[in-house]
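Enquirer: One-letter residues, chain by chain:
Protein chains: 2
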Amino acid sequence: MGIEAEIKKIGVQAKLASAGARRASTAQKNRGLDEIAQHLVNASDDLIAANAKDLEAARASNLDAASLDRLILTKSGIQAMSEGLQQICALEDPVGKISQMAARPNGLEIGKMRTPIGVIGMIYESRPNVTIDAAGLCIKSGNAVILRGGSECIHTNRALFSCISDGLKAADLDPDWVQLIATTDRAAVGALLALDEHVDMIIPRGGKSLIERVAKETRIPILKHLDGNCHLFVNDDADLTMAESLVMNSKTQRYAVCNALETLLIHKALPASFVSDVIIRLVAEGVEVRACQRTLEQVIQQSGVVPASSSDWSTEYLGPVLALKIVDDIDDAIRHINEHGSNHTDTIVTQRLADTQKFMREVDSSSVMVNASTRFADGFEYGLGAEIGISTDKLHARGPVGLEGLTSEKYVVFGQGQIRG
Amino acid sequence: MGIEAEIKKIGVQAKLASAGARRASTAQKNRGLDEIAQHLVNASDDLIAANAKDLEAARASNLDAASLDRLILTKSGIQAMSEGLQQICALEDPVGKISQMAARPNGLEIGKMRTPIGVIGMIYESRPNVTIDAAGLCIKSGNAVILRGGSECIHTNRALFSCISDGLKAADLDPDWVQLIATTDRAAVGALLALDEHVDMIIPRGGKSLIERVAKETRIPILKHLDGNCHLFVNDDADLTMAESLVMNSKTQRYAVCNALETLLIHKALPASFVSDVIIRLVAEGVEVRACQRTLEQVIQQSGVVPASSSDWSTEYLGPVLALKIVDDIDDAIRHINEHGSNHTDTIVTQRLADTQKFMREVDSSSVMVNASTRFADGFEYGLGAEIGISTDKLHARGPVGLEGLTSEKYVVFGQGQIRG
Numbered sequence: 001m002g003i004e005a006e007i008k009k010i011g012v013q014a015k016l017a018s019a020g021a022r023r024a025s026t027a028q029k030n031r032g033l034d035e036i037a038q039h040l041v042n043a044s045d046d047l048i049a050a051n052a053k054d055l056e057a058a059r060a061s062n063l064d065a066a067s068l069d070r071l072i073l074t075k076s077g078i079q080a081m082s083e084g085l086q087q088i089c090a091l092e093d094p095v096g097k098i099s100q101m102a103a104r105p106n107g108l109e110i111g112k113m114r115t116p117i118g119v120i121g122m123i124y125e126s127r128p129n130v131t132i133d134a135a136g137l138c139i140k141s142g143n144a145v146i147l148r149g150g151s152e153c154i155h156t157n158r159a160l161f162s163c164i165s166d167g168l169k170a171a172d173l174d175p176d177w178v179q180l181i182a183t184t185d186r187a188a189v190g191a192l193l194a195l196d197e198h199v200d201m202i203i204p205r206g207g208k209s210l211i212e213r214v215a216k217e218t219r220i221p222i223l224k225h226l227d228g229n230c231h232l233f234v235n236d237d238a239d240l241t242m243a244e245s246l247v248m249n250s251k252t253q254r255y256a257v258c259n260a261l262e263t264l265l266i267h268k269a270l271p272a273s274f275v276s277d278v279i280i281r282l283v284a285e286g287v288e289v290r291a292c293q294r295t296l297e298q299v300i301q302q303s304g305v306v307p308a309s310s311s312d313w314s315t316e317y318l319g320p321v322l323a324l325k326i327v328d329d330i331d332d333a334i335r336h337i338n339e340h341g342s343n344h345t346d347t348i349v350t351q352r353l354a355d356t357q358k359f360m361r362e363v364d365s366s367s368v369m370v371n372a373s374t375r376f377a378d379g380f381e382y383g384l385g386a387e388i389g390i391s392t393d394k395l396h397a398r399g400p401v402g403l404e405g406l407t408s409e410k411y412v413v414f415g416q417g418q419i420r421g
Numbered sequence: 001m002g003i004e005a006e007i008k009k010i011g012v013q014a015k016l017a018s019a020g021a022r023r024a025s026t027a028q029k030n031r032g033l034d035e036i037a038q039h040l041v042n043a044s045d046d047l048i049a050a051n052a053k054d055l056e057a058a059r060a061s062n063l064d065a066a067s068l069d070r071l072i073l074t075k076s077g078i079q080a081m082s083e084g085l086q087q088i089c090a091l092e093d094p095v096g097k098i099s100q101m102a103a104r105p106n107g108l109e110i111g112k113m114r115t116p117i118g119v120i121g122m123i124y125e126s127r128p129n130v131t132i133d134a135a136g137l138c139i140k141s142g143n144a145v146i147l148r149g150g151s152e153c154i155h156t157n158r159a160l161f162s163c164i165s166d167g168l169k170a171a172d173l174d175p176d177w178v179q180l181i182a183t184t185d186r187a188a189v190g191a192l193l194a195l196d197e198h199v200d201m202i203i204p205r206g207g208k209s210l211i212e213r214v215a216k217e218t219r220i221p222i223l224k225h226l227d228g229n230c231h232l233f234v235n236d237d238a239d240l241t242m243a244e245s246l247v248m249n250s251k252t253q254r255y256a257v258c259n260a261l262e263t264l265l266i267h268k269a270l271p272a273s274f275v276s277d278v279i280i281r282l283v284a285e286g287v288e289v290r291a292c293q294r295t296l297e298q299v300i301q302q303s304g305v306v307p308a309s310s311s312d313w314s315t316e317y318l319g320p321v322l323a324l325k326i327v328d329d330i331d332d333a334i335r336h337i338n339e340h341g342s343n344h345t346d347t348i349v350t351q352r353l354a355d356t357q358k359f360m361r362e363v364d365s366s367s368v369m370v371n372a373s374t375r376f377a378d379g380f381e382y383g384l385g386a387e388i389g390i391s392t393d394k395l396h397a398r399g400p401v402g403l404e405g406l407t408s409e410k411y412v413v414f415g416q417g418q419i420r421g
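Chains U and D, in that order, are what the protein sequence lines are. Every letter in the first sequence is one number past the one before it in the working numbering, and letter 384, counting from 1, is 384. Every letter in the second sequence is one number past the one before it in the working numbering, and letter 312, counting from 1, is 312.
Incorrect hints may have been included.
Identical chains share a label here; the pair holds if one copy fits it or two copies do between them.
Distance condition first, Cα-Cα at most 30 Å in a straight line; then the derived DSS-like pairs of lysine-lysine [stated by the list, open to error]:
id : residue 1 : residue 2
1  : K208      : K224
2  : K53       : K75
3  : K268      : K358
4  : K53       : K268
5  : K358      : K53
6  : K208      : K53
7  : K112      : K97
8  : K75       : K358
9  : K169      : K75
10 : K224      : K97
11 : K224      : K112
Simulated from the structure, these hints should not be mistaken for lab results. Model, not experiment: these values are computed from the prediction.
If we strip away everything but chain U, and leave its shape as in the complex, we get (with noise of 0.2 Å):
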């Protein structure tokens, strides 16, 4: 069978299986994520030695030493993820949910209810984790899902794909509810982009020319996540203590992040000092300044600080540099961010309640913040219990999605024979 034909064949397979998983009841989910779990601490030595397969064809082929570091599999990774499963069995079910039931005059009860979305197509690169974390929110939402990991990762979520498929089983569920593309040929992600009769959304997840990549070749809906290009804006009233503990926070706790701060924007009001303390702490920290002519002309000059071009306020560096930049007031801070920024995060440092309003509203990313560091910009974070991914669309689901975001709503409408006139 050509590979075309064999993806296709996983597609009217998962086509077939979320009709079952449409209908599963939220304990018949929550006992195959139970006995996933399972299976994942069981077979801990078989994991282990699959992965042990990966890292050596890994380490042949010369790869840089952060992605190595992403498809390492410890028993302890293994047991987070079999708890990770487990935190999915307690999330609320979404499945079922009615909201905003009314009556109509004609005694008409119309509301929405929360409804799988039918079969998600997942493809990502290296961390074996996602396989799981994939699986189990596609589980407990109803969705059937088919699984493309990167090929570096081929023996190990082969190998996590068994405890998947052989849960599922145990729990006397339809094992097509989850499917793994177990082959390493590349045409098997366009063939699966082209199944737009089967697959019903597409979730990109790795870096950004696989996003692209996806998002050029397919006519399916995409959950996407591009850049995470990240504001901070210092307010003239801030808590200047505050708003440094805050900025150090949202750039240098993690750097290879995408709700790391990027571009700091700081009210043309603040004291100079301010700004040079701010810029000697993230200099002290190994971070590179690249400054806005304002800013150069206030401070003292120091090694650590360049002089910022046009393309540093576009840039998601995912490293230790941030771009500075002193705005007028918070008009500017707005304009700027909604211009240069890539609707990911972005945080206001105020007490008034008038500006917290104003940016609250104004500024069109997926999360707004007022007083908190950009790294809380994560599923984990807001209390979703998981995170399929971040989006950065527009349409459906914005930021950190979770259980929700893998669902949508359709009407439902409670008659009496009720008909038209």
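Mind docking chain D on chain U? Use the hints.
Expert: Chain D alone, transformed into the frame defined by chain U:
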């Protein structure tokens, strides 16, 4: 200026205008709607004169009677448009509404705020009222909009657009909030569909070929409405008088609408006399019944009843034809609907709670009903106040789309200086 450059300029202007649209208060938006409503009534004579030009051209090009009928603008039609805008004024403004607000253990308060989507591209055919409805809904929901109506309606749309522009200016609002692609050059649609950096959502409204073209050509997310292949299932315990009345209303109240009944499913346990009665009434109304083998074996042969072919199960007739199938039970009915339906609107007639619950949960359609005519699947009937379309998509909004479907939710996070540990 070439057409691509011209449309791109419109896109850039829309993006700029969307910042103001997002900021506008409910009072400002309502004032704009009110001014447009007044300008429409005041410009009645001009509008009717412009419409006459379109009608003349349409007659000269032998446009079919139905299309011609949709094109006509009368004094009472203008009055209705104006009143429609006043109704949108009266609707609750969705923008800025915060829900799901809850405190996290670290004191962060996190919720979701409704926010406009940004720039909407509206591509539609005939009916001049769509120009006003779409402008009104986009203004109230805080979105900038680019309108592209059918070329057969160009003079009317230009005249309507003057009222919109003048109304926005009279209310001190940015006239670029609503823009019209005033050329009939067909390349303009392609140019609009290519503006993925400036347009956030495309809503196509019109025939299937238009919608398929749009879905094929653009990478911008679309809110689309394809077929309305609606079902009604008469369960074994149904009140048969109610069932007959619902069948007749769903099928014959209007034929050429997406929420008309196309396939009737009847439980095999119901008496042959019921099936015959329904058929006789349908045939008497001029409906051709395309029946399954089991039906044909049960009922007396008569004119107006023909055998169904397999393609009938997936056909949206939009006319006086109905497919009829006898099914084994509710599971068979649900399987048939999910396999052959178009995820639009499906009804069960039953008195049993458990079967209602099963049908509501398992039928994967944008509107699932019990004991109600499929004809109720409509934004006005649902109390949305107005409707920009009906979505048969599975993401974002399903079913009739009003103001809420023109917004999405972003996270808002209120802190007191929290940093991540």
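Enquirer: Against each hint, give a clear statement of whether it holds in the structure.
Expert: Evaluated hints:
In this assembly of identical chains, the alpha carbons of K208 and K224 lie at most 30 Å apart whether taken from the same copy (10 Å) or from different copies (28 Å). In this assembly of identical chains, K53 and K75 lie within 30 Å of each other by CA distance solely inside one copy; the values are 16 Å within and 77 Å between copies. Taking identical chains as interchangeable, the C-alpha atoms of K268 and K358 lie at most 30 Å apart only when both belong to the same chain, with a minimum of 19 Å there against 62 Å between chains. In the homo-oligomer, the alpha carbons of K53 and K268 never lie at most 30 Å apart, since the shortest distance is 56 Å inside one protomer and 58 Å across protomers.
In this homomeric assembly, K358 and K53 never come within 30 Å of each other (Cα to Cα): the closest approach is 54 Å inside a single copy and 47 Å across copies. When the C-alpha separation of K208 and K53 is checked against a cutoff of 30 Å, the pair qualifies only within one copy, where the shortest distance is 27 Å, while the shortest distance between copies is 52 Å. In this homomeric assembly, K112 and K97 come within 30 Å of each other (Cα to Cα) both inside a single copy, at 8 Å, and across copies, at 18 Å. Neither within a single protomer nor between protomers do K75 and K358 lie at most 30 Å apart by alpha-carbon distance, with minima of 48 Å and 43 Å respectively.
Only within a single protomer do K169 and K75 lie at most 30 Å apart by alpha-carbon distance; the minimum there is 24 Å, versus 67 Å between protomers. Taking the closest pair of Cα atoms, K224 and K97 come within 30 Å of each other both inside a single copy (26 Å) and across two copies (25 Å). For the homomeric pair K224 and K112, the shortest alpha-carbon distances inside one copy (25 Å) and between copies (19 Å) are both at most 30 Å.
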